[in-house]
Every structure is written in C-alpha cells, then in structure tokens.
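**Q** Spelled out from the first residue to the last, the chains are:
Number of protein chains: 2
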Amino acid sequence: MKGNAIVAQSGGPTAVINASAAGVIHAALEAPEIGKVFAAHNGILGVLNDEIYNLGKESPETLEELRWSPSSALGSCRHKVKSDEDRQKIINIFKKHDIRYFFYIGGNDSMDTADKVSKLAKRTGYEMWAVGVPKTIDNDLAETDHCPGYGSVIKYLATMTMEAGRDTEAMYTADTVNIIEAMGRNAGWIAAGTALARRKEEDAPHIILLPEVPFNRAAFAAKVQHYLETIHRCVIVVSEGTKYPNGSFLNETKGDFAKDAFGHVQLGGAAQALQTIVQEDCRVKARIAMPSTIQRTGAHFASLTDNEEAYGAGRRAVQAALEGVTDKMITLVRESDTPYKCSYGLTDLSKVANGEKFFPKDWITDDGFFVTEEFTLYALPLIQGESKPPMQKGLPRYVRTSKHFI
Amino acid sequence: MKGNAIVAQSGGPTAVINASAAGVIHAALEAPEIGKVFAAHNGILGVLNDEIYNLGKESPETLEELRWSPSSALGSCRHKVKSDEDRQKIINIFKKHDIRYFFYIGGNDSMDTADKVSKLAKRTGYEMWAVGVPKTIDNDLAETDHCPGYGSVIKYLATMTMEAGRDTEAMYTADTVNIIEAMGRNAGWIAAGTALARRKEEDAPHIILLPEVPFNRAAFAAKVQHYLETIHRCVIVVSEGTKYPNGSFLNETKGDFAKDAFGHVQLGGAAQALQTIVQEDCRVKARIAMPSTIQRTGAHFASLTDNEEAYGAGRRAVQAALEGVTDKMITLVRESDTPYKCSYGLTDLSKVANGEKFFPKDWITDDGFFVTEEFTLYALPLIQGESKPPMQKGLPRYVRTSKHFI
Numbered sequence: 001m002k003g004n005a006i007v008a009q010s011g012g013p014t015a016v017i018n019a020s021a022a023g024v025i026h027a028a029l030e031a032p033e034i035g036k037v038f039a040a041h042n043g044i045l046g047v048l049n050d051e052i053y054n055l056g057k058e059s060p061e062t063l064e065e066l067r068w069s070p071s072s073a074l075g076s077c078r079h080k081v082k083s084d085e086d087r088q089k090i091i092n093i094f095k096k097h098d099i100r101y102f103f104y105i106g107g108n109d110s111m112d113t114a115d116k117v118s119k120l121a122k123r124t125g126y127e128m129w130a131v132g133v134p135k136t137i138d139n140d141l142a143e144t145d146h147c148p149g150y151g152s153v154i155k156y157l158a159t160m161t162m163e164a165g166r167d168t169e170a171m172y173t174a175d176t177v178n179i180i181e182a183m184g185r186n187a188g189w190i191a192a193g194t195a196l197a198r199r200k201e202e203d204a205p206h207i208i209l210l211p212e213v214p215f216n217r218a219a220f221a222a223k224v225q226h227y228l229e230t231i232h233r234c235v236i237v238v239s240e241g242t243k244y245p246n247g248s249f250l251n252e253t254k255g256d257f258a259k260d261a262f263g264h265v266q267l268g269g270a271a272q273a274l275q276t277i278v279q280e281d282c283r284v285k286a287r288i289a290m291p292s293t294i295q296r297t298g299a300h301f302a303s304l305t306d307n308e309e310a311y312g313a314g315r316r317a318v319q320a321a322l323e324g325v326t327d328k329m330i331t332l333v334r335e336s337d338t339p340y341k342c343s344y345g346l347t348d349l350s351k352v353a354n355g356e357k358f359f360p361k362d363w364i365t366d367d368g369f370f371v372t373e374e375f376t377l378y379a380l381p382l383i384q385g386e387s388k389p390p391m392q393k394g395l396p397r398y399v400r401t402s403k404h405f406i
Numbered sequence: 001m002k003g004n005a006i007v008a009q010s011g012g013p014t015a016v017i018n019a020s021a022a023g024v025i026h027a028a029l030e031a032p033e034i035g036k037v038f039a040a041h042n043g044i045l046g047v048l049n050d051e052i053y054n055l056g057k058e059s060p061e062t063l064e065e066l067r068w069s070p071s072s073a074l075g076s077c078r079h080k081v082k083s084d085e086d087r088q089k090i091i092n093i094f095k096k097h098d099i100r101y102f103f104y105i106g107g108n109d110s111m112d113t114a115d116k117v118s119k120l121a122k123r124t125g126y127e128m129w130a131v132g133v134p135k136t137i138d139n140d141l142a143e144t145d146h147c148p149g150y151g152s153v154i155k156y157l158a159t160m161t162m163e164a165g166r167d168t169e170a171m172y173t174a175d176t177v178n179i180i181e182a183m184g185r186n187a188g189w190i191a192a193g194t195a196l197a198r199r200k201e202e203d204a205p206h207i208i209l210l211p212e213v214p215f216n217r218a219a220f221a222a223k224v225q226h227y228l229e230t231i232h233r234c235v236i237v238v239s240e241g242t243k244y245p246n247g248s249f250l251n252e253t254k255g256d257f258a259k260d261a262f263g264h265v266q267l268g269g270a271a272q273a274l275q276t277i278v279q280e281d282c283r284v285k286a287r288i289a290m291p292s293t294i295q296r297t298g299a300h301f302a303s304l305t306d307n308e309e310a311y312g313a314g315r316r317a318v319q320a321a322l323e324g325v326t327d328k329m330i331t332l333v334r335e336s337d338t339p340y341k342c343s344y345g346l347t348d349l350s351k352v353a354n355g356e357k358f359f360p361k362d363w364i365t366d367d368g369f370f371v372t373e374e375f376t377l378y379a380l381p382l383i384q385g386e387s388k389p390p391m392q393k394g395l396p397r398y399v400r401t402s403k404h405f406i
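So the sequence lines, in the order shown, correspond to chains S and P. Using the numbering used here, read the first sequence as starting at 1 and increasing by one per residue. Using the numbering used here, read the second sequence as starting at 1 and increasing by one per residue.
Be aware that a few hints might be false.
Where chains are identical, the list cannot tell them apart; a pair therefore holds if satisfied intra-copy or between any two copies.
Stated by the list, open to error - Here are the simulated SDA-like cross-link-like pairs (lysine to any residue), alpha carbons at most 20 angstroms apart as the crow flies:
hint : residue 1 : residue 2
1    : LYS393    : ILE34
2    : LYS200    : PRO390
3    : LYS82     : ARG123
4    : LYS388    : LEU304
Please keep in mind that the hints were generated in silico from the structure rather than gathered at the bench.
With the sequences and hints as input, model every part of the structure.
**A** In structure tokens, the structure reads:
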C-alpha cells in the first residue's frame, strides 16, 4: 500500500463527469496499492478547507448509479489556485491524510492546479502521483481529440433544436423565427454540434452563429430573409459568445443597435439581442429559447459513447498512476472515423494548462452561417447510443453520495 | 360509404398531438364507412384556403412513425374563425370534397370552431359528424380530467428541473440561484408539474411561482433567503404568466420594454425579471433558463401514458363519429388513482368551448410557493413510461408527411 487517493471535480458540470468519477473510484477501490479513496467536497476548495470524505463508505449501488447521474456529485467550484502558498496548503492536507494519488477531473485550470501542486510536492520531497481526467462541454482542451462531456451536450442540444424546429415548422404562420442560445463563450463547438440535427436543407437549424465569425447584421438579416422566402421559417442557433467585429458581445452592443424600437437599452443575452434584430429587420415574430445549464446536464438522453469514454478515462487515470505516471492528463486519441475507433493516450498537464483547441476555420462555411461536412464527420461518432439512467416513478433517479467526512 | 374524412391540428404543438392524428388516421383508414382521409394543411387555414392533402397516400411507415414525432406534422395555426361567412366557406369546401367527418385536434378555440361549423351545417342541411380530440400542454380544457400533451410537458420539464437542479447543487459557490421559466399564461398547471422532481426537501425545485398566486416580492425574497441559509442554493420555477397583485405580468414592470417591435406584449421575460429581483434583494448570482417551445416538443422523452391516451383518443373520436356522435369532444375520465385507470368519455363541444379548468386553489401550499401532495397524486400517473422514437445516427428520426395535395 503506497497511500490513499483523492478525486475531485471542477468547473461547470456535464452529463458524464460523474461517469469519470465512477471510473476513478471503481478502479481505485480495486487497487491493492491504494488505501482509502477520498473525495474533495466542491473541488479544490474541499482540499483547501479539509472537507474530505471517504468514498469507500458509499454503497456499491450508489457508485454504480453515480455513473448515470448528471452534474458533479462530489461538488464543484470555480476557485482558481493562484499561489504557491495555497499549493503548499493542499500538499499539507495531502500529507495529513497520506494522500499520494490525486485525480482531478476538469478543464485547463484544473490541469494547471494539478500540475503545479505535483511539481511543488516533488520539489519539497513529497512523493505523489497526479493524473488529470479531461472534462468540458466546451471541447476546447488542447491535446485531446475531444472532451468527455462534449458528445452529450451536442446530442441533447441537437435533439432540442430538432424538436423546437418542428414546432416552428408547424407554427410558422404565427411564430416564424426561433432563436436558440447555445453555451460557448470563446468557441463555437457546442453551437456547431446542432448541425447534426440537419439532415435535409429544410431541417433546423438553418443558421448557426459562432464566436469565430464576426457578426454582420446585414448579411445575417439577408440570410434569414432567404429562408423566410424559401421555407417560410428560420431556426437560428447562436453561441452566447457571438461578437460584433469590434469584439463586443451581441448583448453588449454600443451605438446604433444598443436601443430597441422604443429607445430602451437592450438587456439580456445573445438570443434576445438577435430577437430584436430579426423583428426590426425582417418584420416577423421571433421566439427565443435559452436552455442554459439544462443543456449540459441532460443525463436522461446523454451519449452512451461519451459516457463510456468518460468512465474509461477515469479508470485509465488510475491505471496510469499505478504504473508510475504523474503530471499527465488522459487524452482521447481518435484512430479512425468509420468505423469510429478511439483509444486513450497521455499528455503533459502543462501542455493542457497552457493550450486551447480552437474550432477549425475551414469547418465553417464560406458565408459564415453554418459548418461543413468535415465537422459532421468529426462530431457524429461522439453522439452514438443513449445512456439510460435508472427510472423511478416516471422520472430519472439520480444519486447523491452520502458524504462520510473524515 | 358515407363520405370522406378530414383531420386538422390547431394551436401550439405538443409532444403527442401527432399520436392523436395517427389514431384518427389509422381508425379512419380502417373504416368502411369512410372514403378518403384528408388532412387540412395548417389547421383550419388549410380548409379555408382549400389546401388539403390525401393521407391515404402516405406510407404505413410514415403513419406509424407519425405517432412518435413531436409537434403538429399536419401544420397548425393560430387563426380564430369568427364569422358565419367563414364557417360557410368551410362547409362549402367540405361539400366540394364530400367531407362528412371532421376531426379537430386542439383546444377550446378549435372546439368552438368545430361546434359552430357543425351546427351551421345542420341548419343548412349538410349532414356531417364533428368530433374533437383534446390537445393542450396547458391542461386547462374543461370537462376532461386532463389533456393529452400535459403529461409529456411536465415529465420533460420536471426532468430538466431535476437535472438543472443538480447543476446548481454542484455549483452553488458560484451559481447560487437558478430560475427556470415554464410556459402557462393563465394557469399554473405546467409549472406545478415540476414539483414531481422534488422527492426530498433538498431537491429542486424549491419554489414554484404560479399565475394563481399574486407575486409578493418581500415574501419571495424571504423564501429564497430561507433556502440560501439552509441548503445554500435555490432553484425556482416560474410560470410565464405570474403576475403582481395589480395584474401586471412580472416582465411588464419595465413598461414598454416588454413589448415587441409590433407593440404586442411578449411574455417570456418572467425569469429575467425575477433574476434582477434575486440579485437585488438576496445579493447572490442567479442564472436563468427559458426552455420555451423545447419543453412542449420533447418527444425523445415523452410520457408513454400520455402518448397512449393521445393515440387512443384519436381512435375513439373516429369510433364515436361512426356511431353517429357529433358535436362532441373525447374526454379522459379518471376512474382511479392507484392503480391509475382512465377511460374515454364524451362531452359537448360547446361546454369545452366556453369552459376553462382552473388550477385548484387548495392544491397550492399556504405560503403560496409550492403545490400540495394532492397535486402529486393527480399528476404522477400522467408521466409514467417513456416513449422512445426511432433513432437514426444518434438522434431521433422524426417524420414528415409527403403531402399529396388534392
């Protein structure tokens, strides 16, 4: 027995981040090298505050159902560890509980924390192994083909777009345009994923607005008008991070478009700003939908492929640590598109911490209002299969850990 | 053979209105008394404009998959027939195509139209049978225990609330309050349905705001504060129709801002108004979600009970008409709660046209911020089972009729 292990979750939840936790926990509980398996309550805050609980006291049923429950069951936070003083505090807590294995499920800030804590431990002579598990709906982590969480958010948002699109198709004589706001402040990966819903020209979404394409109001209005004239309706998916050429977000426009028809300053999100534009420029009624956090926690209809990869990445992280690997993150390595084949790899935590995966410019159509077939080829394998949570009285049954604090 | 039949859909779509259409179409195609089975394109507008197509030319696969496809596949409208002149126009089109059976799937406006058309036909000596099939997510039709469409919208919205609730539970150190806006202009049936997600005190939703309860800002803020102090978070479901004691909607507080480019009052801003209130009064960050039409078209996770009742109501309407019934609507008659047993009945179209089913005041808790166990007992049977649409490449496959216009 080399010591105890701790697992933590960080940042925004996903539909499958608990699958990764379940993978880590299952593998760690099985490993003779590992003593106890702890959870940090609310991510790294739980370590800093010494709020740690023993996952070995959870029932096997809880750990199994954890895999199918959405959001971050161990708790999460948006706390960024900035100083070596805080990192030393973390190491001190690790020492106190003889924690030698640190599994951090998160995005690039989490990988940065894991990396710096591990390196400081090494410098101060505390032996430990830190392995990261990728997680983000934004799909913007460097070094990995895609991120667990992404397949599920686009499967669900594409389904929502498909279903709301049929609503607009039936109601176009009254509700002619529908605008759906997708998450994604810096990259258009999520909004782009709704393109999978469009099997035919007439299917929704008809227009996708990405943060990568500076918003051009006249060209946008002309494109909407084109659909109104040809199919009498238009469904638009807009990234919350869509910007004007001057870099300001749609919902913080200054100047000519800052006021609505009544002279009131516009508030709200990207969808609401677009709603005003459509109503002013195209003179038709536009509805808006903002699925917000609902889109990232849809475990009732998550991608089974995503769940399996998330779970497997968790197990693989433990296996790597037991083999002596440290300061690395598990990656997903695509070996082929058809048939889809994906294996696990390893990369330096520091590379993920300092990198970012941009949406390829050549996956955006020339007019800037949609994505190409290359994107579809990339994204389609990620949404295959449906995870089915256990049901109870007509609704999913989602688990909570019982949190036996040490 | 007594003549041809026509089926039309009206008003806002649901996840199961096509199941009712499939029930009508299947039963009508089987009936020797009925010649051709037509569809009105976009509800009653399709009759007025003589835009009618032959459903007998659809493939059996299309008609089967229609049952599992969301929204109104025959097209819909919000056109209210107001004059006898227009009613006579409808009868003339019926005569032209020898239409003797009229099946109208819709809410109380539709039942009013069917009733008045049928009675005018009788007065002018044209023999026909008009039978209505109830449809509305709002669950506010008189004379029926509940409405097809309602079980599915609350099953899906409760699931969304459950899932988004887990997000807030994980992220409460950053995103402390989440406000989800439910449809429902005049009655709180839909928002109330999310109570089914709350199995334990700590489960979302913690507060439900209904149009039936005048909004009291101070009491609301105190209730939110209560949850912040006890469980450190609060998930609120608000009906879009929630009003201040003076009758103005929550989102009308900013005057003209709530009006669209045409000067129409637009609902769908209740969540945003509450967000400002929470941030001002409780000093915590609040997120908002507006599922909008997404909530009513969730055929990927609709209630199987609802789908079966919707389909059966369609079949029953045809059976009734063949038995000589006219000027009636099919009703759902609850025979027992446990085990849930429901049969079909008949009621006068005119009673539905002029009635409205209110949310019972004694199903609202004394503080006005939640609903009682009596409501749960009523609603729970309606969400049982999951309808599973056919899948294609990781997303649902939803059908379109091929529309062979006559």
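**Q** Could you run down the list of hints and mark each one as holding or not?
**A** Against the structure, the hints come out as follows:
In this homomeric assembly, LYS393 and ILE34 never come within 20 angstroms of each other (Cα to Cα): the closest approach is 39 angstroms inside a single copy and 41 angstroms across copies. For a Cα distance limit of 20 angstroms, the shortest separation of LYS200 from PRO390 across copies, 17 angstroms, qualifies, whereas the shortest one inside one copy, 34 angstroms, does not. For a Cα distance limit of 20 angstroms, the shortest separation of LYS82 from ARG123 inside one copy, 18 angstroms, qualifies, whereas the shortest one across copies, 83 angstroms, does not. For the identical chains of this complex, LYS388 and LEU304 are neighbours both inside a copy (8 angstroms) and across copies (16 angstroms), given an alpha-carbon limit of 20 angstroms.
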